[in-house]
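**Student:** Chains A and B supply the protein sequences, listed in that same order.
FYI, the numbering for the first sequence is 668 to 1022, going by the working numbering.
FYI, the numbering for the second sequence is 32 to 512, going by the working numbering.
Derived by calculation from the structure, the hints in this document are not laboratory data.
Even glycine gets a Cβ: it sits at the ideal position worked out from N, Cα and C.
Wrong hints could be hidden among the right ones.
Computed footprint of chain A on chain B, listed as stretches where at least three residues anywhere in the stretch have a Cβ under 8 angstroms from a Cβ of chain A [to be verified]:
{"id": "1", "stretch": "70-77"}
{"id": "2", "stretch": "115-125"}
{"id": "3", "stretch": "356-365"}
{"id": "4", "stretch": "381-393"}
{"id": "5", "stretch": "398-405"}
{"id": "6", "stretch": "439-445"}
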Amino acid sequence: MSDTDIALSLQSEVQAAIAEKIPLRIQGGGSKAFYGRTSQGKCLAVAPHCGIIDYEPSELVITARAGTPLKTINAQLAAQGQHLAFEPPHFGSTATLGGTIACGFSGSSRPYLGAARDFVLGVKCITGKGEMLHFGGQVMKNVAGYDVSRLMVGALGSLGVLLEISCRVLPMPVQQVSLRLPVDNEAQALQQLTHWNTQCLPLTASCFDGEAVWLRLAGVEISQARQKVLAELVSQEIASAFWENLREQQLGFFTSTQTPLWRLSVPPTAPSLNLGKSIIEWGGGLRWVYSDLPAEQIRAAVEKIGGHATLFRGGDRTAEVFHPLPPVLRKLHERLRQQFDPDNILNPSHFSTHW
Amino acid sequence: MRTLFEQLHDFLPADAVLLSEEAVRPYECDGLFVYRERPAAVVIPETLEQVQQVLKFCYTHKIPVVARGAGTGLSGGALPHKAGVLLSLAKFKRILNIDPVARTARVETGVRNASISQAVAAHGLYYAPDPSSQIACTIGGNVAENAGGVHCLKYGLTVHNILEIKVLTIEGELITIGSQAFDSAGYDLLALFTGSEGLLGVVMEVTVRLLPKPAAVQVVLAAFDSVINAGSAVAEIIAVGIIPAGLEMMDNAAIRAAEAFVKVGYPVDAAAILLCELDGSPEEVEIQIQQVRAIVEKHQASEVRLADNERQRLQFWAGRKAAFPAVGRISPDYYCMDGTIPRKHLPMVLQRIHELSEQYGLAVANVFHAGDGNLHPLILFDASKGQLHQAEELGGKILELCVAVGGTVTGEHGVGVEKLNQMCVQFNSQELLQFHAVKAAFDPANLLNPEKAIPTLHRCAEFGAMHVHHGELAFPELDRF
Chain A
668 MSDTDIALSL
678 QSEVQAAIAE
688 KIPLRIQGGG
698 SKAFYGRTSQ
708 GKCLAVAPHC
718 GIIDYEPSEL
728 VITARAGTPL
738 KTINAQLAAQ
748 GQHLAFEPPH
758 FGSTATLGGT
768 IACGFSGSSR
778 PYLGAARDFV
788 LGVKCITGKG
798 EMLHFGGQVM
808 KNVAGYDVSR
818 LMVGALGSLG
828 VLLEISCRVL
838 PMPVQQVSLR
848 LPVDNEAQAL
858 QQLTHWNTQC
868 LPLTASCFDG
878 EAVWLRLAGV
888 EISQARQKVL
898 AELVSQEIAS
908 AFWENLREQQ
918 LGFFTSTQTP
928 LWRLSVPPTA
938 PSLNLGKSII
948 EWGGGLRWVY
958 SDLPAEQIRA
968 AVEKIGGHAT
978 LFRGGDRTAE
988 VFHPLPPVLR
998 KLHERLRQQF
1008 DPDNILNPSH
1018 FSTHW
Chain B
32 MRTLFEQLHD
42 FLPADAVLLS
52 EEAVRPYECD
62 GLFVYRERPA
72 AVVIPETLEQ
82 VQQVLKFCYT
92 HKIPVVARGA
102 GTGLSGGALP
112 HKAGVLLSLA
122 KFKRILNIDP
132 VARTARVETG
142 VRNASISQAV
152 AAHGLYYAPD
162 PSSQIACTIG
172 GNVAENAGGV
182 HCLKYGLTVH
192 NILEIKVLTI
202 EGELITIGSQ
212 AFDSAGYDLL
222 ALFTGSEGLL
232 GVVMEVTVRL
242 LPKPAAVQVV
252 LAAFDSVINA
262 GSAVAEIIAV
272 GIIPAGLEMM
282 DNAAIRAAEA
292 FVKVGYPVDA
302 AAILLCELDG
312 SPEEVEIQIQ
322 QVRAIVEKHQ
332 ASEVRLADNE
342 RQRLQFWAGR
352 KAAFPAVGRI
362 SPDYYCMDGT
372 IPRKHLPMVL
382 QRIHELSEQY
392 GLAVANVFHA
402 GDGNLHPLIL
412 FDASKGQLHQ
422 AEELGGKILE
432 LCVAVGGTVT
442 GEHGVGVEKL
452 NQMCVQFNSQ
462 ELLQFHAVKA
472 AFDPANLLNP
482 EKAIPTLHRC
492 AEFGAMHVHH
502 GELAFPELDR
512 F
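Okay, chain A solo, but in the shape it has when bound (with noise of 0.2 angstroms):
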């Protein structure tokens, strides 16, 4: 696709909707679709809208239109040896830069490189005033303002469309080599993620799929690290053939099951929650589980040790998939909805029933 500016048709519509009260429900590529709440509104179709408008290697900033596909931003990035260091999963072919940064995803990396959040400079967006604004820019540092670009990471585009984004980026590491470690339960799976998690490894990903704990590590040199393992040198086409199937849910496991799928996100330390059989990555941080419990169930279970349960897929979708906040909080995230989006046009009820 050629590198196409809508930005002003794409505040006209945004303006024309609000005039009429109509809602719209923003889309990218598509590719994610399955997530958060079913939200009905006329379509906004913000994947025309697409192109890299600056990179520079030597800056470690690439800006792209918020319909730029993702995987034209990653072949650019690689040919230059750099990428997104958050690795965030596609979900599909047709994903884009917009959703997901909407989405706020981020891959194996997180613990040790950063989520999405952690990499995004600068967005251009349209407000649910239809008033298209800048926040933050293309420098590291950046305290003008209050960081409403980082804000709209994960708002599912409740907050504005995401018209242009720039993220910072990081060179693709020299050396990676990818270890596995046989264990016989998720208990003992938990305890070796605990385990390598203090030992001054340079890890850059972490999992238990059932049946081995799968470390990665990466870096300039780390010859005299992979020592410090006693385990199992997975070669480099299995090694990221696993961690692209691990990122984009395409494992046995996320295939061969159609109850809902949980993502536990949780203290990394906290012990197995036994609600099911789970994949678990971020050093023991992330816990995805199919689970038909009640929902009430899994939340409370998860809650209780400082976590947050998200309905990822399937399920009831007119329900909350999101975990829902204490009263304070949740007046406040209804308040500040309410300051972007004061006529709820933009992708209502995708988030949260109440707003």
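Given the structure of chain A, go ahead and fit chain B onto it with the hints provided.
**Tutor:** Below, chain B without anything else, positioned relative to chain A:
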């Protein structure tokens, strides 16, 4: 009859309320001395409940509240409000919990930045953000300002290094933002609160992420005969894929001032020096030191030094870390700016600062976080000769220049009261109104640190600045240098 402020005694101990003019005087300014104001009252509560009562009291009576940590800020963010309460959080200095396995520390808002690293050192851990005021500044202030330091390029700012904060709203409600996990439900309010300069809530407790101390650290000092060569060496270091732990540049004026102060043997004839610190495993540090050495030599470094030992490494840094006080020694007053620019514009921006310096007849020394583009020009002036106004005007011009090349008016010091006018240059009126709308969601009565950080449109109209559209409408004269 008692005055309104005397009623603070109803729920605070006698020594926690200061009302007399002389008692409140020590609080009249923060690290930016040129702005001073005496608050109606200073309160120094000791418990969270007391802070809650202070906020409820102020909310009920519509009294402005300015929270203050150590008062080391450089933008007047903690400048008191003359009709308001100055809320000192100095007594909240307990480290509540250290978890070496999860690598986190939970601390009260008034804990000093450096004392966190000291407390966790025994576990081989440290807290990465290291603003130069770190021996005095508090973690609560760091959150309010999104404090940085010399290691940001690799390790990030405060926003990248905290997990959870406990905050009191203006209504005195306690909320938890973020979590002990890697993310939390709802909007990313942790990012929104970080750097919000005390306008949205009062941070009471912070859980920080800790990092293991690197096994090896080494620093290269390279001298250059031209700033342009130093700048291109920086660009190449980054372009080849090295992320240094620190990458700092000083110009000749800063080198001379620092050397006169700390006497560590800086090359005083150099146009610029680069300090490039690398950390990690001994093997990777060794490889990257050689790479950096080759790059600076390629860009015609006139001299390259490697620290032979830890003592020498600290000496290399001593001049950089003492740059501000060093400049303070050679000039009666100095004014520290804090713009950030895309690195590629460095030579042009330095040239333009030099021209502005001659135009205003005030010397400028430049220290620069070259890795992340954060520039600290230090304007030398003498307030007793009435040069403050000129210094401020020159500073304003420098910040406008930063915006014109696509940068920002503040990289890490915050807007406070100091850069309100320049905010009118960086943001248009709709953007400024959206910032005010964000505040209204949390503090509709505008009581928390009012008149700071975000200018009113009225003020911008008075200032008469042309909004420079994120570098797209660069000043026409920029093409000429």
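**Student:** For each hint, tell me whether it holds in the structure or not.
**Tutor:** These are the hints, each one checked on the structure:
no. : hint    : result
1   : 70-77   : violated (count 0)
2   : 115-125 : violated (count 0)
3   : 356-365 : violated (count 0)
4   : 381-393 : violated (count 0)
5   : 398-405 : holds (count 4)
6   : 439-445 : holds (count 7)
In this structure, the hints that do not hold are numbers 1, 2, 3, 4, in rising order.
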